[in-house]
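**Student:** Using the sequences provided together with the hints, build the complete structure.
Next come the chains, spelled out residue by residue.
Number of protein chains: 2
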Amino acid sequence: MTGSSRSVVQLAVPAGEADPADVVTVLVCSSCRGAGDPDALPRAGSLLVADARRAAGGEGVAVREVACLGNCKRGLSAALFRTGCWAYVFGGLGVGSGDDLVAGARLFTESTDGLLPWRGRPEALKRGLVARIPHPDILKELP
Amino acid sequence: MTGSSRSVVQLAVPAGEADPADVVTVLVCSSCRGAGDPDALPRAGSLLVADARRAAGGEGVAVREVACLGNCKRGLSAALFRTGCWAYVFGGLGVGSGDDLVAGARLFTESTDGLLPWRGRPEALKRGLVARIPHPDILKELP
Chain G
1 MTGSSRSVVQ LAVPAGEADP ADVVTVLVCS SCRGAGDPDA LPRAGSLLVA
51 DARRAAGGEG VAVREVACLG NCKRGLSAAL FRTGCWAYVF GGLGVGSGDD
101 LVAGARLFTE STDGLLPWRG RPEALKRGLV ARIPHPDILK ELP
Chain Z
1 MTGSSRSVVQ LAVPAGEADP ADVVTVLVCS SCRGAGDPDA LPRAGSLLVA
51 DARRAAGGEG VAVREVACLG NCKRGLSAAL FRTGCWAYVF GGLGVGSGDD
101 LVAGARLFTE STDGLLPWRG RPEALKRGLV ARIPHPDILK ELP
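Line by line, the protein sequences give chains G and Z. Each residue of the first sequence is one higher than the one before, counting from 1 in the numbering used here. Each residue of the second sequence is one higher than the one before, counting from 1 in the numbering used here.
Treat the hints with caution; some may be incorrect.
[Claimed, not checked] Only part of the chain Z face toward chain G is listed, based on derived beta-carbon distances under 8 Å:
# : residue
1 : L41
2 : R64
3 : V89
4 : L129
5 : I133
6 : P134
7 : H135
8 : P136
[As the list claims (entries may be wrong)] With a straight-line Cα cutoff of 30 Å, these simulated DSS-like cross-link-like pairs (lysine-lysine) come out:
#  : chain 1 : residue 1 : chain 2 : residue 2
9  : G       : K126      : Z       : K73
10 : G       : K73       : G       : K126
11 : Z       : K126      : G       : K73
12 : Z       : K140      : G       : K73
13 : G       : K126      : Z       : K140
14 : Z       : K126      : G       : K126
15 : Z       : K126      : Z       : K140
Worth flagging that the hints you see were computed from the coordinates, not collected in a lab. All values reported here derive from a predicted model rather than from experimental measurement. Each residue gets a CB set at the ideal place from its N, CA and C atoms; glycine is no exception.
**Tutor:** Here it is as structure tokens:
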């Protein structure tokens, strides 16, 4: 990621105007298979959904599930969304990565520039970064 | 990608109601470095921006650039966006992948379920798939 990226980043929706209920969402791919036993049921991705929900504790961070995030070659996957901000996709997660995902989500709430901070990000969300993409409202502002 | 993914997919914004000017966008990472000569300027990503603009020919498909998409370990990168649909991120592209990206964008306009069709997708957009993520409006509908 380059330093120049910051020049095009902005909050499309000021956090103060966003619906608190959807400010930060952890979206977990429920169909991801575990590397050790890919045919196991429930799928490893579903176990990560449950672990993220446990970690969120029902407060401040929404956990949703989907099948799938299209990142099938890179281990268990999840994404972080905050209203008006960039979205982040991570791979290489484990069935016990719920705490890391929720820690990343809470860190995201502190962002003032629409980006997930690097400093303080759990190590799994540094080395596991797969992609980040702009919110559609940010997309319209790009050259 | 699993067959069950279709159960959660829908068009958040019917195509007929979308602004034609932003229905399909190719977003190219301008800061990606070429594998052969990573220090070359202009960066390989910028060359891909230019190639995609050439391929789009100023009609029907918008080409925008950004630094960066966070997919730095997987070659030249770009994403496809259509209003109300899932967004797709691709890696492993080349400086001459503009035609493939624009072909994918035009294919996307034919989608009726918010997904980029697999059939007819250029090979580079099959093997290069890095991730797909839902539009924020779709996100709210997920369990």
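**Student:** Could you work out which earlier hints the structure fails to respect and list their numbers in ascending sequence?
**Tutor:** 1
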